[in-house]
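Note that the numbering used here has the sequence shown beginning at 2, numbered continuously upward.
Think of the hints as simulated: they come from the structure by calculation, not from any bench.
Wrong hints could be hidden among the right ones.
Claimed, not checked - Cβ-Cβ distance ranges computed for the label pairs, FRET-style:
id, residue 1, residue 2, range
1, ARG93, ALA220, 37 to 47 Å
2, SER77, ALA99, 13 to 23 Å
3, ARG173, GLU228, 19 to 29 Å
4, ASN186, THR94, 14 to 24 Å
5, ASN171, LYS205, 15 to 25 Å
6, GLN52, THR94, 50 to 60 Å
7, SER77, GLN52, 34 to 44 Å
8, ASN111, GLU86, 36 to 46 Å
9, ALA220, SER82, 21 to 31 Å
10, THR83, ASN111, 17 to 27 Å
11, ASN233, SER82, 34 to 44 Å
12, ASN149, ASN186, 18 to 28 Å
13, GLY131, SER82, 23 to 33 Å
Stated by the list, open to error - Simulated crosslink set (BS3-like; lysine-lysine; CA at most 30 Å straight-line):
id, residue 1, residue 2
14, LYS185, LYS110
15, LYS110, LYS205
16, LYS185, LYS141
17, LYS141, LYS110
Bear in mind the structure is a predicted one, so any value in this text is a computation, not a measurement.
Even glycine gets a Cβ: it sits at the ideal position worked out from N, Cα and C.
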Amino acid sequence: MGLRRRKMKLSSRLALVYTLLVTVFISAAMVIFYQYYSRQIFEEDEDNLVQLSDTVMTQVDNILDTLDQVTIDVMSGNIFSTVWEHWLTENRTYADTATLRERLVNAYKNRSNIRRVALYSLDGDYICTGAAQPESEDVKARAEYFINNYNMNQATSRVYLGETEDFWDNSRGVTVVSEIKPIKNSDTEITGFIEVQQNSFYIKDICEATINGSAVGVAVLMDDTGEYFYSNMDRDESYMAELS
2 MGLRRRKMKL
12 SSRLALVYTL
22 LVTVFISAAM
32 VIFYQYYSRQ
42 IFEEDEDNLV
52 QLSDTVMTQV
62 DNILDTLDQV
72 TIDVMSGNIF
82 STVWEHWLTE
92 NRTYADTATL
102 RERLVNAYKN
112 RSNIRRVALY
122 SLDGDYICTG
132 AAQPESEDVK
142 ARAEYFINNY
152 NMNQATSRVY
162 LGETEDFWDN
172 SRGVTVVSEI
182 KPIKNSDTEI
192 TGFIEVQQNS
202 FYIKDICEAT
212 INGSAVGVAV
222 LMDDTGEYFY
232 SNMDRDESYM
242 AELS
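I would like the entire structure built from these sequences, with the hints used as guidance.
See below:
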C-alpha cells in the first residue's frame, strides 16, 4: 500500500515536471516565434518605409524639376536679358512688357500643374500671369526678404518655398509651393526675381501615403536650408522638432 502511494506520488511529480517542461517549452517557443515574426514585420515595415521615402522624394524632385524648367524656359537666350534690362529702365515700352509676358505664358501654358509665373524688380515693379493684387511696396519688401534671408549670390541660387498662401492673390485662400530664382545682369548683380508657383494639392496628393492601409506621416525638408517644404504632420510634435 505504501509502495503504491509512493508510486502515485512519483507519477504525480513526474507529471508535474512534464507539465512544467511543456509549459516552459511552449512559452519559450512563443517568445522565439514572437521575436522572429516581430523582427520580420519590423524589417518588412522598414523596407516599405524606405521604398515609400524613395517614391515620395522622386515625385517631389519631379515637382521641383518642373518649377525649375519653367524658370529656364523664361530666362534662356539673349532676348530675355536684353528686354529685361530695358524694362528695368525709365525707357521701358509696352513692347518690352508684352515680350516678357509672352515668355511667361509660353513657359507654362502647356504645363497644367503650374499655377503662375511672375517677374519682379527690386523696386517692386512686376509682370504676373493670372490675377495679381499686391502693392509695389509689398513686392519690393518680398525681394528684399529673399536677398536678406537667403544666399542668392551663388551661380545656382534659388529658393523653394513650401506650402504658403498665394502671395500674388490671397483672395481665395489658395496655398502654393514656389520656386524663386534671382535674375542677374552681366556683372552677376541681382536685378530682380522670377517666381513659379504650383498649387499645393499636387504635393499633398504625393504625401498622402499609406502602408498596409495605415496613414504614414510624411515630412519633406530642404537640404540646404533645413526648412519644411511640406508636412502632413503636426509641426508642434516633439519628433517634428527633432527633424528640423
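Against the structure, the hints:
At about 44 Å, the beta-carbon gap between ARG93 and ALA220 stays in the expected band of 37 to 47 Å. Judged by the Cβ atoms, the range 13 to 23 Å given for SER77 and ALA99 holds: they are separated by roughly 19 Å. A hinted range of 19 to 29 Å holds for the C-beta pair ARG173 and GLU228, which are about 25 Å apart. Distance hint check: the CB atoms of ASN186 and THR94 are about 19 Å apart, consistent with the given range 14 to 24 Å.
At roughly 19 Å, the beta carbons of ASN171 and LYS205 sit within the given window of 15 to 25 Å. Between GLN52 and THR94 the Cβ separation comes to about 55 Å, which falls inside the hinted range of 50 to 60 Å. Under the hint 34 to 44 Å, the C-beta atoms of SER77 and GLN52, about 36 Å apart, fit the expected range. For the pair ASN111 and GLU86, the beta carbons lie near 28 Å from each other, so the given range of 36 to 46 Å is not met.
The hinted range of 21 to 31 Å is not satisfied by ALA220 and SER82, whose Cβ atoms lie roughly 39 Å apart. For THR83 and ASN111, the hinted distance range of 17 to 27 Å is satisfied, since their beta carbons lie about 25 Å from each other. The supplied range of 34 to 44 Å is met by ASN233 and SER82, whose beta-carbon atoms lie about 41 Å from each other. Between ASN149 and ASN186, the C-beta spacing of about 20 Å keeps the proposed range 18 to 28 Å intact.
Hint check: GLY131 to SER82, Cβ distance near 25 Å, so the stated range 23 to 33 Å holds. Of the supplied pair hints, the one linking LYS185 and LYS110 holds, its CA atoms being roughly 25 Å apart against a limit of 30 Å. Simply put, LYS110 and LYS205 have alpha-carbon atoms about 23 Å apart, close enough for the 30 Å limit, and the pair holds. At roughly 16 Å between alpha-carbon atoms, LYS185 and LYS141 fall within 30 Å of each other, so this suggested pair holds.
Restraint check for LYS141 and LYS110: satisfied, since their Cα atoms lie roughly 27 Å apart, inside the 30 Å limit.
Violated hints, listed in ascending order, are 8 and 9; each of the other numbered hints is respected by the structure.
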